[in-house]
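Q: Quick note on numbering that gives the first Met the number 0: the sequence shown kicks off at 0 and runs consecutively.
It is worth saying that the hints were derived from the structure and are not from the lab.
Note that CB positions come from ideal geometry on N, CA and C, so glycine has one too.
Some hints here could point you the wrong way.
Simulated restraints on C-beta separations [what the hints assert, rightly or not]:
hint, residue 1, residue 2, range
1, Q70, P23, 18 to 26 Å
2, Q152, G73, 41 to 49 Å
3, E166, A195, 15 to 23 Å
4, W14, T159, 27 to 35 Å
5, T133, W14, 40 to 48 Å
6, V22, P85, 23 to 31 Å
7, L40, T159, 41 to 49 Å
8, R115, R142, 18 to 26 Å
9, E166, T198, 15 to 23 Å
10, T126, E5, 30 to 38 Å
11, T159, S47, 18 to 26 Å
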Amino acid sequence: MFDTGEEISFGYDQWHRLRITMVPDYRPLAAWLHTDVQPNLAALDQFSRVLRQAASNRETVNGNGCWIDFQPAGVLIGSLYDRWQPLPVPEALFWPVLSGLRAFLLNSAADPALARPDGYPAVGRMTTHRTPPTGGRPALVDRTHFPPDWSAQEVQEAATGAWHSAEARYDEQTGAWSGLWRDLELAGYYDPATGAVQTYFPVLAP
């Protein structure tokens with residue numbers, strides 16, 4: 000799913016999914032960008048405000064598959080599904096990467112090839128503030144969700160279809176995966192050791 004290079008760059012594949020080239024040792028950062036940030040300009044702007052709030056308050060942000068913890072020494076990116084050890088990311092890298100993704104999305108926003116097809120599912124995104132029932136540090140939870148009118152069976156069919164689709168891609172290093180179901184991209188995480196899917200969710204299109 001992700002390429003490795005001397006610099007971080009963004010692009011789209013032939014199915015208009017975000018593709019990321021990441022510098023060595025920061026592959027979890029690419030996974031977080033793909034699954035939790037996602038390639039939608041309006042959603043990125045909203046999520047950036049959530050991240051700034053969390054950074055100011057030293058809160059944790061739980062996303063679709065990762066958690067972000069702002070600490071005095073920098074940012075920690077962890078996996079909610081234990082796919083990697085928490086990765087320290089300097090803030091001097093973290094915020095410029097988000098700015099670079101935003102610039103890429105802004106520059107490509109007018110491309111007619113990225114227009115959503117008729118009948119594209121109404122994928123949503125929501126941020127909530129959650130305090131552990133036993134007390135402790137609160138967290139901001141920011142996740143995408145399937146259309147509210149979809150039944151549980153429709154969600155399961157989409158997940159199974161995307162996981163087994165011809166366009167599916169898998170990253171053994173981070174456990175991230177991406178597939179298509181009727182023009183909708185689904186992403187998630189799986190256990191490379193067993194091949195078991197651990198989670199799935201819709202991706203907001205550009």
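Q: Next step is simple, just say for each hint if it's right about the structure.
A: Structure-based check of all given hints:
{"no.": "1", "hint": "Q70 - P23: 18 to 26 Å", "in the structure": "holds (23 Å)"}
{"no.": "2", "hint": "Q152 - G73: 41 to 49 Å", "in the structure": "holds (44 Å)"}
{"no.": "3", "hint": "E166 - A195: 15 to 23 Å", "in the structure": "holds (21 Å)"}
{"no.": "4", "hint": "W14 - T159: 27 to 35 Å", "in the structure": "violated (18 Å)"}
{"no.": "5", "hint": "T133 - W14: 40 to 48 Å", "in the structure": "holds (44 Å)"}
{"no.": "6", "hint": "V22 - P85: 23 to 31 Å", "in the structure": "violated (18 Å)"}
{"no.": "7", "hint": "L40 - T159: 41 to 49 Å", "in the structure": "violated (30 Å)"}
{"no.": "8", "hint": "R115 - R142: 18 to 26 Å", "in the structure": "holds (21 Å)"}
{"no.": "9", "hint": "E166 - T198: 15 to 23 Å", "in the structure": "holds (19 Å)"}
{"no.": "10", "hint": "T126 - E5: 30 to 38 Å", "in the structure": "holds (35 Å)"}
{"no.": "11", "hint": "T159 - S47: 18 to 26 Å", "in the structure": "violated (33 Å)"}
In terms of the numbered hints stated before, the structure departs from hints 4, 6, 7 and 11, listed from lowest to highest.
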